[in-house]
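K.L.:
Let the hints inform the model, and build the full structure from the sequences given.
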Amino acid sequence: MPADGPQPVERHLPTEEARDLLGLTRDIAAREIRPRTAEEEDAGRFPREVFTTIGAAGLLGLPYPAEYGGGEQPYEVYLQVLEELAAIRLTVGLGVSVHTLACHALAEFGTKEQRAEHLDAMLGGELLGAYCLSEPSAGSDAASLRTRATRDGDHWVIEGTKAWITHGGVADFYTVLARTGADGPRGITAFLVPGDAEGLSAAAPERKMGLKGSPTAQVHFDGVRVPDTRRVGEEGQGFSIALSALDSGRLGIAACATGVAQGALDEALRFLAERRQFGRPLVDFQGLRFMLADMATAIEAGRALYLAAARLRDAGQPFGKQAAMAKLLCTDTAMKVTTDAVQLMGGYGYTADFPAERYMREAKVLQIVEGTNQIQRMVIARHIAGPESRD
Amino acid sequence: MSLRIVVCVKYVPDATGDRHFAEDLTTDRDAVDGLLSELDEYAVEQALQIADAADDAEITVLTVGPEDAKDALRKALSMGADKGVHVEDDDLHGTDVVGTSLVLAKAVEHVGYDLVLCGMASTDGTMGVLPAILAERLGVPQVTLLSEVAVADGTVTGRRDGDAASEQLQAQLPAVVSVTDQSGEARYPSFKGIMAAKKKPVESLDLSDLGIDADEVGLGGAWTKVEDAAKRPERTAGTIVKDEGEGGKQLAEFLVSQKFI
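Taken in order, these protein sequences are the chains called G and H.
Numbering follows the UniProt record's numbering, in which position 340 of the first sequence is assigned residue number 340; successive positions increment by one, without gaps.
Numbering follows the UniProt record's numbering, in which position 104 of the second sequence is assigned residue number 104; successive positions increment by one, without gaps.
Treat the hints as calculated values from the structure; they're not laboratory data.
Just the calculated beta-carbon pair ranges, DEER-fashion:
no., chain 1, residue 1, chain 2, residue 2, range
1, H, Phe260, G, Gly287, 36 to 46 Å
2, G, Gln374, H, Pro66, 53 to 63 Å
3, G, Pro14, H, Lys259, 53 to 63 Å
4, H, Thr126, G, Gln7, 21 to 31 Å
5, G, Leu13, H, Lys249, 58 to 68 Å
6, H, Gly112, G, Pro14, 33 to 43 Å
Here are some, though not all, of the chain G residues that point toward chain H, as calculated from beta-carbon distances under 10 Å:
no., residue
7, Glu16
8, Asp27
9, Ile28
10, Glu32
11, Gly58
12, Ala66
No residue lacks a Cβ here, since even glycine has one placed at the ideal position from N, Cα and C.
P.N.:
Put into structure tokens, the structure is as follows:
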């Protein structure tokens, strides 16, 4: 290892502006995010100011058109920004991913008027978003959701409870999927609900194992009235809107997981170079070096897979199978690598005085969100072996 | 009429890097990556705030230095400055603060100015005296080391916080102002700002453009010279007090011997 510690990830970036963007991201991550990560994650404090800073820097609308205030970056670049952020603090990397997902419905399916009215503030980072699909009894089976929106003149009245909502209670807008018609996927419609809407409230955040700085809460809709001008897409189009963002969201998680794994590896490297036993730094012991090599190789393989999927997406080709594979591989890798990082650091790794155990707790949630890794395997199998027989 | 602000910035070796002298005892600019001096970021920030508050203002960032110094201009332009001026000439190598102030004065006059803004010092030379010499050369008022600054109706006002008192200062424009690291955190460039900066004009000038003779600047023209430089000794391992019943006492004795208590 070079004398000044682990080196930045070597990245092939398509443009000079992408290289500048990654430089800006690393600068902000090192100066604004890293110094407060340990304390705030420990205290479960959400860093709203960080989102204001990165929003002003242009990091909250990267994959969207410049016309609406976005950064017009390909996924190949946007995802690497996520990775760098998550390597320093998953609350921020995942938050950017969720915000970007929450903007997707309006950016892709909104009318010209809706985009002109809302998108600038959403992509410019003045407004932070949340995405409301899951419900207490509709998780992996999202199409069974029960939150209902009922038409009342030129308004809709939303009733129901959404669950596992990242930024629940702190978001400025909620992209909400609600049932407007019959059961099943075709009866669902998307709405853009302002965070201060009357009747909208968030429960106390869930007490999670990790990712504690990022609030995850149930969000209640108690007769929330929104004008029809806040309906996004056609009536009944909601579920296909949600599905169209699904694969992209999985890539976001894959990139975040790669960042978490990289962050843990870098911490382990630093520790092993410092810590001496039997008269030598730990990093000199071959058994440990082999573990480091395996960890680095797994991370690089995951990174290569999520970038391959991203390049398919950027080229306009189907990428659902590769996105599921990337989500699966990168998050399982993160779990393994972070566990190994704790092991390499011994007793110190198990204490909260070092970040390895935080990375390990963070990795676990990434195997669960945006489709559990069991769901990812199901998706991949359907792509290669066709649908399951119902016989 | 538009308020013309010129911000003087310096491209310096990264202060967090392992900095060295070159063989001729000038700053070794190749050993460590360079960047816009952090103390000058405060001047750029204040220029941006003054420009925001003015009806009409134009910010020019000015630097004297080798080819790479353009990076410092780009950073300031990506933060929001309007155009850059880069003075580069092989004969400038080794120029001291007196020579640098001459080049800056000529360049500032070439650009045209109402307000010249500087940081409180550079993070490499750390002389801190350049703004004063520059004001003297330009024959305009100097208002230095401000932690608060504002411009209105052709007047610059600001606050200088000293050890014993805080002074409110005022000067008619044109004037030279320097700001401290207490004047307000510098903004990050935005991604859009970075892209826009690539299209902003940067004028390149050499000594002849400014009518300066080579012997007025460079190592030969310098009033001061570094005679010798020795590497600072490595930090020693320190004193380890092993507690064998007398640890507290030994610790106290150590602190007394070092005059900490």
